[in-house]
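*Asks:* So you can see what is in the structure, the chains are spelled out below.
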Amino acid sequence: CRCRALLSRPARRLRARRGLAAGPEMHFGFQTVTEEERREKIYQVFESVAKKYDVMNDSMTLGIHRVWKDILMHKMNPSPGTLLLDVAGGTGDIAFRFINYVRSVRERQLQRKLKHHQNLSWQEIFESYQKDKFNSLGDSQAVVCDINREMLKVGKQKAQHLGYSEGLSWVLGNAEELPFDNDKFDVYTIAFGIRNVTRIDLALQEAYRVLKPGGRFLCLEFSHVSNPLLSRLYDLYSFQVIPVLGEVIAGDWKSYQYLVESIRRFPPQEELKTMIEDAGFFKVDYENLNFGIVAIHSGFKL
Amino acid sequence: RGGEEEEEEEEGWHQLYPGHIPTSPLQKALLAAGSAVMALYDPYRHDMVAVLGETTGCLALPNLRDKMKNHPEGYHILQERPRIRLSTLDMARLQGLPDGSLGREYIRFLEDNKVSPDTRMPPKFVDDEELAYVIQRYREVHDLMHTLLGMPTNMLGEVVVKWFEAVQTGLPMCVLGAAFGPLRLSTRKLQVLATELVPWAIRSGLNASCVLNVYYEQRWEQPVESLREELGIFPPP
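So the protein sequences, as listed, match chains A and B. What the first sequence shows, in our numbering, is residues 79 to 380, in sequence order. What the second sequence shows, in our numbering, is residues 193 to 429, in sequence order.
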């Protein structure tokens, strides 16, 4: 039954593809390609999905991706003055949440300060308002870095549309070779991006490099469901429904077929934990969301 | 473990023709439902109309193919598999043909409505390579239908052609398009549609022989009127 063939996807050894050029072989979903080909194909996937990225995320996850991202932000619990690097941040979801979060923390800070200023003269109160008003973010900054121009474009447009201006910068860059100095950032996040990086080890090394000592690495990514019943339902949904959604909503079956295949190919929780430790991070830990459909990995640079 | 099995496993697809995406019955059902909704919601999504046609044509397409097989000209077409594309059409020659000839009127239609035969979607979800050609042929011949019926490419014209095609091909996508298309028309147009155009389209569709059995590429010189008569299409109102 063709249905079964599409459901059961066995893990595959990398095999030589006929007539292929030189270069180490890797997976692109369930295909076997060279490293260069993989980067190229993934770039094209995101170029093609950029405009409908957010709509598709909402449809595929029934809006639950928003909750996952909120949880990530709560786990991060950034205080005003934090410098965040969001890699593969394309359309800005994490960066916007970060700004909202520090803004509300800042507001509460200011309110508490004001409560203690009951005995000041009107002049002094006025002055303190002025000072703090221009500091609604408390010097927090979010840098959004993405390898794909189209995704960044969509992100910038969204920022304008939603009214985000201060505290945000947009940088074109490759997670495997970040255009930043060492020891720069307080927090490094990569949400649903590391799966698309061709050399995950390099990306992790770069993450370590650009973080300040004491900085935190956070990774939100699709992971593996161990519960067998849930796993079958998840597979059914992934392989039967998601490409259809891709075709109907975005007119693009193939990119979403790639998406669900790439999720199956990505290392499971423990393996990713080891990779993060190998890059030098300490206190590496992960939290499963929705039974492992998604996992947040965290590590510290000491 | 033959070489062929390895090849299939390697690709992961059972691709029957370039562009083919194999789908399970569940996927086809979901696609049919989804594309129907999307096509109604956003009529500019021509790709959705195409997908709807492919996923619901499992009865009508073999029927059409058999009609073609049992007709000498249709059989010829199935053998040679001609394609109507800008690259295969001799535009200069067709433009030079006398007014009223199929070739001349077809070019006039393309120019007036600013359309091109190259914008037809190639089939993706048909699981039989011959049937994929049949639906491709149906799509490429659609503009010729407009020419033969004398209908423009506005909403009204498209609906009329859909009625004709629904009767001729039995494709559920045509039936749905014919039934739901009018929802987007004004009442005045609906009146014209209901009283004159649709009855004519249905009568012609029923009376005419199968339009896919005509090797149009060999008949560019033939006058449109003569072709209409030969097929059994009544003159447009």
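In short, the hints are calculated from the structure, not lab data. There's no promise every hint is true.
[What the hints assert, rightly or not] Have a look at the derived ranges for each label pair, beta carbon to beta carbon:
1) 306(B) / 235(A): 48 to 56 Å
2) 136(A) / 321(B): 44 to 52 Å
3) 399(B) / 308(A): 55 to 63 Å
[Stated by the list, open to error] A few chain A residues that don't get close to chain B, going by computed Cβ distances all over 10 Å:
4) 128
5) 153
6) 193
7) 214
8) 332
9) 358
All C-beta atoms in this analysis are idealised placements derived from N, C-alpha and C, irrespective of residue type, glycine included.
*Asks:* Does each hint fit the structure? Answer for all of them.
*Replies:* The hints, checked one at a time:
no.: 1; hint: 306(B) / 235(A): 48 to 56 Å; in the structure: violated (30 Å)
no.: 2; hint: 136(A) / 321(B): 44 to 52 Å; in the structure: violated (37 Å)
no.: 3; hint: 399(B) / 308(A): 55 to 63 Å; in the structure: holds (58 Å)
no.: 4; hint: 128; in the structure: holds (18 Å)
no.: 5; hint: 153; in the structure: holds (35 Å)
no.: 6; hint: 193; in the structure: holds (52 Å)
no.: 7; hint: 214; in the structure: holds (40 Å)
no.: 8; hint: 332; in the structure: violated (8 Å)
no.: 9; hint: 358; in the structure: holds (37 Å)
In terms of the numbered hints stated before, the structure departs from hints 1, 2 and 8, listed from lowest to highest.
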